[in-house]
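**Student:** Position chain B with the ligands relative to chain A; hints supplied.
Respectively, the protein sequence lines represent chains A and B. Each residue of the first sequence is one higher than the one before, starting from 7 at the first, in the working numbering. Each residue of the second sequence is one higher than the one before, starting from 3 at the first, in the working numbering.
Because the hints were derived from the structure by calculation, they are not lab data. Possibly wrong hints are sitting among the right ones.
Taking beta-carbon pairs under 8 Å as the criterion, some of the chain B residues facing chain A (in silico) [unchecked claim]:
1. ASN17
2. ILE27
3. LYS65
4. GLN69
5. LYS72
6. ASP75
7. VAL88
8. LYS114
9. ILE122
10. THR123
11. PRO124
12. ARG147
13. ARG179
14. LYS180
Don't be surprised by glycine CBs; every beta carbon is placed ideally from N, CA and C.
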Amino acid sequence: MSNQITGAEALVKSLIAEGVDTIFGYPGGAIIPVYDVLYDYQKELRHILVRHEQGATHAAEGYSRVSGRPGVVMVTSGPAATNVITGLSDAQMDSTPMVVITGQVASASLGSDAFQETDVIGITQPLTKWSYQIRSAQDIQWAVSRAFYIATTGRPGPVVLDFAKNAQLEKVEWNDYKKCNYIRSYIPYPEVEERDIDAAAALINAAERPLIFAGHGIELAQAEPELKALAEKAEIPVACTLLGKSTIPTAHPLNVGMLGMHGNVAANIATTRADVVIAVGMRFDDRVTGDTSAFVKQAKVIHVDIDSSEFDKIIKTDVAIHGDAKTVLQKLLTKVNSKKHTEWLASFEPDARIEQEKVINKDIFATEGPIGMGEVAYKVSKATGDKAVLVTDVGQNQMFSSRYFGFTEPRSIITSGGLGTMGFGLPAAIGAKFGAPERTVCFFTGDGGLQMTVEELGVILEHNLDVKIILLNNNFLGMVRQWQELFQHSRYSQTPMINPDFKKLAEAYGIAAEDVETREQLDGAIERMVAHKGAYLLNVNIDPLCMVYPMVPAGARVDNILLSREEKYEPQR
Amino acid sequence: MEDKKLYTVAVFTENRVGILNQISIIYTRRKLNIETLSVSPSSIEGVHKFTITAYSDQPTIDKLVKQIEKRIDVLKAFYYTDDEIVYQEIALYKVPTPKLLVEPNMEAIIRKHNARILEITPEYTVLEKSGHYEETQSLFEELKRFDIRQFVRSGRVAVTKCTQEYVTEFLEKRNQRKEELEEEWKHQ
Ligand SMILES: Cc1cc2nc3c(=O)[nH]c(=O)nc-3n(C[C@H](O)[C@H](O)[C@H](O)COP(=O)(O)OP(=O)(O)OC[C@H]3O[C@@H](n4cnc5c(N)ncnc54)[C@H](O)[C@@H]3O)c2cc1C
Ligand SMILES: Cc1ncc(C[n+]2csc(CCOP(=O)(O)OP(=O)(O)O)c2C)c(N)n1
Numbered sequence: 007m008s009n010q011i012t013g014a015e016a017l018v019k020s021l022i023a024e025g026v027d028t029i030f031g032y033p034g035g036a037i038i039p040v041y042d043v044l045y046d047y048q049k050e051l052r053h054i055l056v057r058h059e060q061g062a063t064h065a066a067e068g069y070s071r072v073s074g075r076p077g078v079v080m081v082t083s084g085p086a087a088t089n090v091i092t093g094l095s096d097a098q099m100d101s102t103p104m105v106v107i108t109g110q111v112a113s114a115s116l117g118s119d120a121f122q123e124t125d126v127i128g129i130t131q132p133l134t135k136w137s138y139q140i141r142s143a144q145d146i147q148w149a150v151s152r153a154f155y156i157a158t159t160g161r162p163g164p165v166v167l168d169f170a171k172n173a174q175l176e177k178v179e180w181n182d183y184k185k186c187n188y189i190r191s192y193i194p195y196p197e198v199e200e201r202d203i204d205a206a207a208a209l210i211n212a213a214e215r216p217l218i219f220a221g222h223g224i225e226l227a228q229a230e231p232e233l234k235a236l237a238e239k240a241e242i243p244v245a246c247t248l249l250g251k252s253t254i255p256t257a258h259p260l261n262v263g264m265l266g267m268h269g270n271v272a273a274n275i276a277t278t279r280a281d282v283v284i285a286v287g288m289r290f291d292d293r294v295t296g297d298t299s300a301f302v303k304q305a306k307v308i309h310v311d312i313d314s315s316e317f318d319k320i321i322k323t324d325v326a327i328h329g330d331a332k333t334v335l336q337k338l339l340t341k342v343n344s345k346k347h348t349e350w351l352a353s354f355e356p357d358a359r360i361e362q363e364k365v366i367n368k369d370i371f372a373t374e375g376p377i378g379m380g381e382v383a384y385k386v387s388k389a390t391g392d393k394a395v396l397v398t399d400v401g402q403n404q405m406f407s408s409r410y411f412g413f414t415e416p417r418s419i420i421t422s423g424g425l426g427t428m429g430f431g432l433p434a435a436i437g438a439k440f441g442a443p444e445r446t447v448c449f450f451t452g453d454g455g456l457q458m459t460v461e462e463l464g465v466i467l468e469h470n471l472d473v474k475i476i477l478l479n480n481n482f483l484g485m486v487r488q489w490q491e492l493f494q495h496s497r498y499s500q501t502p503m504i505n506p507d508f509k510k511l512a513e514a515y516g517i518a519a520e521d522v523e524t525r526e527q528l529d530g531a532i533e534r535m536v537a538h539k540g541a542y543l544l545n546v547n548i549d550p551l552c553m554v555y556p557m558v559p560a561g562a563r564v565d566n567i568l569l570s571r572e573e574k575y576e577p578q579r
Numbered sequence: 003m004e005d006k007k008l009y010t011v012a013v014f015t016e017n018r019v020g021i022l023n024q025i026s027i028i029y030t031r032r033k034l035n036i037e038t039l040s041v042s043p044s045s046i047e048g049v050h051k052f053t054i055t056a057y058s059d060q061p062t063i064d065k066l067v068k069q070i071e072k073r074i075d076v077l078k079a080f081y082y083t084d085d086e087i088v089y090q091e092i093a094l095y096k097v098p099t100p101k102l103l104v105e106p107n108m109e110a111i112i113r114k115h116n117a118r119i120l121e122i123t124p125e126y127t128v129l130e131k132s133g134h135y136e137e138t139q140s141l142f143e144e145l146k147r148f149d150i151r152q153f154v155r156s157g158r159v160a161v162t163k164c165t166q167e168y169v170t171e172f173l174e175k176r177n178q179r180k181e182e183l184e185e186e187w188k189h190q
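Isolated chain A (complex conformation) (with noise of 0.2 Å):
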């Protein structure tokens, strides 16, 4: 019996068989036939309209981090297609997983400057891990099961399908749907190296000083059970990413905390005395390394890794492990020998305790002057039992909350690290509600940053989102401001903001805002947003001149700390 749809038909009927429930978008011409579709299977499919495409991409990305599943976004063509380009770079530099479907005009026009043409395909295709055009309903199915396996597997990261408007409107036949599990060019799981292991564990049986570089690619493999077992086996500690800071809890005693430019002082200086580093999902990037020809010198270096090119990009390794985390540990950890390493973790200490002293207490811990952004991000963790979904923007306000955020369960940080995209948190908490509603979600942000999608707060109306938002408000570019101190000779050009009232601008949205000015105040702010059921406002008037530390200059060697106005680093043996 035939079983004819329309094209926009069967591409709503193929999202539905790859298990997609929830769909961010905004429609348009060029995508008003699925649109038209989308209105028969709202039960299946759950549309959340966003107030730009690029809210879109980023609450796609909030989404996949937080719950794993890729992210789905729908827009039209034109001016849509080229507002999600921001989000799909971020997401290709954080491997995250995303099927971008952009309407676009039909087959017969294209390449003739029609109405609302763009080259997404040639827009895309260096930013994405594969686009392709469905110029044909027939196509569909295929395309649309190889972008949901493109997406997923391997290396995670976003995918286009521009759908001609023709191929939405013609009929196909629809046939039972089959998911894609393989593609001869590509291969997402490479068989690992048994010999490889082998020389990996002998390096870490030998080791007398071994250190784990924890990177977000464990948490793409889902592999912080093996991560915790590894490195309690072999007494290893373990310092991480930013994207890779909820891999293993922030309490655990092996967790030394995290690497580079803002990263903590004992993590870093520990990569200088290193015999042998294990990273993990993790690819140097350059805020990790600095200097990288003064990087892990000393030390021999393995680098598990899903995407062979990573190997020697940054860093000379001396065993490269080729394969998916999880796999690789787990066939480590049956070669790797229990051992202990007293005296190497007892090295840590004393850098620990200067950061501790020299820093975490002043951020946390102060009672005078202006309030910090430390404290804030260390207060809100405590009173969600550090168990809430750390979202963040750009800026100190990242680097802040990311480093004094409590993390107990992994998938915790949603962070726009590679790329660093101002406005890419509020849109991403929006997501990450939706991918997790039983979580709370605490998003960070700047007032920079807010401004920059500061229109999705109309989402979180819509859908009475429970999203506290904590605006860290220094009435300045922050992180800007800070390098224009520091390297500029406080030259602030252009960092001053004037800003609106933002929790009347909140409260123009239904959602409950307060003003904190004093630290007297913060506390019971807190507790109010945190006992609210719904969407809070927390409006922080932050210290205007507050500064990030401890600081690795950029391209400086990571024992180039800066630990406050007046003071560096200074070796403590």
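**Tutor:** Relative to chain A, chain B with the ligands alone:
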């Protein structure tokens, strides 16, 4: 810093729209100028082969090739130095016939360069020569005095000297995997 050398990159891909663009932007990002490029169907049905030359150093070309191979529709990518391949280029020279006619020693030139004549008209003559860059260039230098009107050199084509055929092996392995998956599918 290692000196820059000419590297030949061979890329085997699926036959799909837009692959050249994907490959070329990877060169652009690293600011590598493509010297020559040739694309054609390969000996394997449905598989296209790109042969691309560029001056670079080994670490850069190594990273570049890994990034090319990472593109979904790319099957395999390799890089070679000149000693690892047999390679060839072809050049065409269009010269005014009257100028050639006054040359007393045309035969010697053609013989020396092992060139061929493809067409002669009263107005122009087309010569062809295949060889390495230096060889086609040397004929070009020699013909300059005859007032060359058009000159064109193709991109390099190359085959490897090694005895193992990696792409064929790769495809065999992949097909085997496909059959396995289809078996699994049947049993589900
Ligand atoms: C203002 C600012 C300051 C910053 N400061 C810091 C800082 O101080 N410290 C810091 O760490 N970062 C910092 N960052 C973030 C930094 O730019 C990078 O985004 C971050 O370091 C990347 O972390 P990652 O390598 O773990 O994750 P990703 O960049 O997401 O890389 C993940 C890696 O894991 C691999 N992978 C994926 N899946 C798997 C799998 N299944 N198995 C194995 N491997 C897999 C991928 O191939 C990739 O190589 C900062 C960013 C901003 C905007
Ligand atoms: C889209 C975008 N534009 C510009 C920047 C550069 N930038 C990085 S941090 C920053 C300042 C952020 O200021 P604010 O949002 O107020 O946060 P704060 O640093 O004060 O916490 C800027 C402008 C960026 N990361 N993203």
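**Student:** Decide, hint by hint, whether the structure agrees.
**Tutor:** Each hint, compared with the structure:
1. For ASN17/B, the interface hint is violated, since its Cβ never comes within 8 Å of a Cβ in chain A; the closest pair sits about 11 Å apart.
2. A least Cβ separation of about 5 Å between ILE27/B and chain A falls short of the 8 Å threshold, and the interface hint therefore holds.
3. Given hint, LYS65/B at the interface with chain A, holds; its Cβ is 6 Å from that chain's nearest Cβ, closer than 8 Å.
4. Checking GLN69/B against chain A by beta carbon gives a least distance of about 5 Å; that is within 8 Å, so the hint holds.
5. For LYS72/B, the interface hint holds, the least distance from its beta-carbon to any beta-carbon of chain A being 5 Å, beneath 8 Å.
6. Among the interface hints, the one on ASP75/B holds; its C-beta lies about 6 Å from the nearest C-beta in chain A, closer than the 8 Å criterion.
7. Annotation: interface hint on VAL88/B violated; nearest CB of chain A at approximately 26 Å, more than 8 Å.
8. The beta carbon of LYS114/B is not positioned within 8 Å of any beta carbon in chain A (closest approach about 46 Å), and the interface hint is therefore violated.
9. Proximity of ILE122/B to chain A is violated relative to the hint, the smallest CB-CB distance being about 41 Å (cut-off 8 Å).
10. Because the beta carbon of THR123/B sits about 38 Å from the nearest beta carbon in chain A, more than 8 Å, this interface hint is broken.
11. The beta carbon of PRO124/B comes no nearer than 43 Å to any beta carbon in chain A, farther than 8 Å, and the hint placing it at the interface is violated.
12. Residue-level restraint check for ARG147/B is violated (minimum Cβ-Cβ distance to chain A is 45 Å; threshold 8 Å).
13. Contact between ARG179/B and chain A, as hinted, is supported at the beta carbon level, the nearest pair being about 7 Å apart and thus within 8 Å.
14. Interface hint status for LYS180/B: upheld, as the beta-carbon distance to the closest one in chain A is roughly 5 Å, under 8 Å.
In this structure, the hints that do not hold are numbers 1, 7, 8, 9, 10, 11 and 12, in rising order.
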